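Sequence order for the protein chains is A and B.
No gaps in the numbering here: position 290 of the first sequence is 289 in numbering that gives the first Met the number 0, and each next residue is one more.
No gaps in the numbering here: position 4 of the second sequence is 3 in numbering that gives the first Met the number 0, and each next residue is one more.
Honestly, I wouldn't trust all of these hints.
Simulated pairs of lysine to aspartate or glutamate, DMTMM-like, Cα-Cα distance not exceeding 25 angstroms [said to hold, decoys possible]:
#, chain 1, residue 1, chain 2, residue 2
1, A, Lys69, A, Glu246
2, B, Lys68, A, Glu246
3, B, Lys62, A, Glu396
4, A, Lys305, B, Asp160
5, A, Lys5, B, Glu1
Computed from the model, here is a short list of chain B residues facing chain A with C-beta under 10 angstroms [claimed, not checked]:
#, residue
6, Leu55
7, Arg57
8, Arg78
9, Lys83
10, Ser84
11, Ile86
12, Phe90
13, Ala94
14, Ile96
15, Leu99
16, Glu103
17, Met107
18, Pro108
19, Leu111
Since the hints were derived computationally from the structure, they do not count as laboratory data.
Bear in mind the structure is a predicted one, so any value in this text is a computation, not a measurement.
Beta carbons are placed, not taken as given, at the ideal position from N, Cα and C, and that holds for glycine.
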Amino acid sequence: MINYFKLAYRNLGRHRRRSVLSGLALAMGTALLMFIAAFFQGEMRSSMETTLRLNTGHLQVQDSDYDPDKLSVAWEYLIENPEQAAAQIEALDQVQAATPRLMASGIISIGDESTGVQIMGIVPESEANDPYRNGIVSGSFITADDREGIVIGLPLADALGLKVGDSLNLLVNTADGNVDEQQFIVRGIFTTGTTAYDKGVVFLPLAKAQAFSGAANHASLIFILLKDREQADAVKAAIQGSGYKVETWAEMNQLLVFVNDFSNAYLTVINLIVLGVTATVIVNTLLMSVFERMREIGVLSSIGMKGRQVVALFLAEASMLGLFGISLGALAGWALSAYFGKVGIYFGDLGMSSDMLLNDRIYTILTLESAINLIVTAFIITLLASLYPARLASRMEPVEALRGAQ
Amino acid sequence: MEVAKLTDITRVYKIGQVETRALNGVSLSINSGEFTSLVGPSGSGKTTLLQLIGCLDRPSTGKVVIDGKDATNLNRNQRADLRKSTIGFVFQFFALIPTLTAYENVEMPLLLNGKTPSERKQRVLELLDAVGMPDRANNRPDQLSGGQQQRVAVARALATDPKLILADEPTANLDTENGEQVMEIMKRLNKETGTTFVFATHDPRVIKYASRVVTLQDGLIVKDTQG
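Next comes chain A alone, as it looks inside the complex (with noise of 0.2 angstroms):
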């Protein structure tokens, strides 16, 4: 039988750095997508976590008639007793931490500075409270029992100058639709890498929330994590009652699960692009290669060798590129991956609506399946390639690539 890759291998030898740069053209279109890939399954997977973690949580229970986006606390928008509800649903076993949060408009003022935040009255001790907690830069996280603390997020100190023990004015919308100021004492300052959130939330301890904002023995809703975040739904139909809506976190983030859904698709569409790109590099060096070897062609076909032995030697050749490149490729593409999954990729604040948020810094995740489905397509791309030119020499008569070539 004849060694096609032999051959291959010779013929390739023949124009090293023709060959050699096809292959780094196949190499660099691999390890670009590799780590576009990479990357966007980092940053898919910031930003589902950041938003549950952060923001919805995986289930939420709410008043019927509650609107996340007004932060109103007239009471007949809130759960009552929210504690108790909170146990129970913290004692199911999927359930990681159920705690309640009140949520309240408010501005704080320094001077003659002055910026809307988002009040959170929250439970300190709860798990659920986690991020900000180990997120304290400065100072401490503040207790059940405190009546003038306050926490603060980092880039939320730097706009106004403020560092723990520092007081500032915090003026609240109340539950009767009048207004309520206060001085609090900074007692902490945390970061949760997302500047987008840190800049515009404040924290006290829910009694004190409640007392300030009017709305005392309410909640705005009953803050979730679950366990295994796919119990959502079960979790759901277990806690279900009347006068109170039950959210999950697909309901509560339905542009992110989009986003998320079809990130798969765009990644093919990237994929398809770039592969095409670098498949013509490949068509060109196989249609030179065709070209200046038809002589040869037409004397292996005048010796006997058929069609489908002359497509063999052509896809031999094809695979011994795409082998090379992909290889190289796929090698990079794995080391960006690695490195950039490592040290992240620091993109700051990208000023993202709290509906999706986003961590400051990405880090890149290559997952075995996504590298593997790049190998595979790469590698049928490239040989879908050569087909054309394997297919023009094939169907020479010997007689025209005898001729063609004097």
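Knowing the structure of chain A, use the given hints to seat chain B on it.
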């Protein structure tokens, strides 16, 4: 016995609207063991005739029978099979595959014919010896002179022990000494093995070796001399 029989062959090439009649009703029989030269001025149709005998091309009209088989209407693959088993070629240019060694070039037709490694080795060494190139087996074409390359090409043409070897201007690119050497080798092999040789040439050095000279002019055979 006839190795090739062509009857009433025409070959018309169309380039755009222009038709060129390369052969204009040629009939020719080549018998086993002949050492035949097709001669004639440029454009007389000798290369076209050689290509039709070699099943590299198909006639516009007429009939081609090679080794008793009608080759007129064979498809591409069938013609490739016929060439592989029955016909060897030596071209004017030294048509060796540049990436293969002399040994591998001679081995290629044997590979295409599915010979075993031991059969191939024995045959290749035997042939390289027969053309006086036993010590050049591992050289690539660019390490060989024109004459040496043409001798390897002769060895390759003989590899599968074909009934018929077709050579198109085999000495055109060789100096006198190398041209003579190549012709001597082919003549000797013709005598020793009985292989039929047909040349297209206008080189008097080739013609003097021929046992039969077929002269073409304007796509017709005008003279057929048995020497």
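Checked hints:
no., hint, in the structure
1, A:Lys69 <-> A:Glu246, "holds (17 angstroms)"
2, B:Lys68 <-> A:Glu246, "violated (83 angstroms)"
3, B:Lys62 <-> A:Glu396, "holds (19 angstroms)"
4, A:Lys305 <-> B:Asp160, "holds (19 angstroms)"
5, A:Lys5 <-> B:Glu1, "violated (40 angstroms)"
6, Leu55, "holds (4 angstroms)"
7, Arg57, "holds (9 angstroms)"
8, Arg78, "holds (8 angstroms)"
9, Lys83, "holds (3 angstroms)"
10, Ser84, "holds (8 angstroms)"
11, Ile86, "holds (8 angstroms)"
12, Phe90, "holds (7 angstroms)"
13, Ala94, "holds (4 angstroms)"
14, Ile96, "holds (6 angstroms)"
15, Leu99, "holds (7 angstroms)"
16, Glu103, "holds (9 angstroms)"
17, Met107, "holds (6 angstroms)"
18, Pro108, "holds (5 angstroms)"
19, Leu111, "holds (5 angstroms)"
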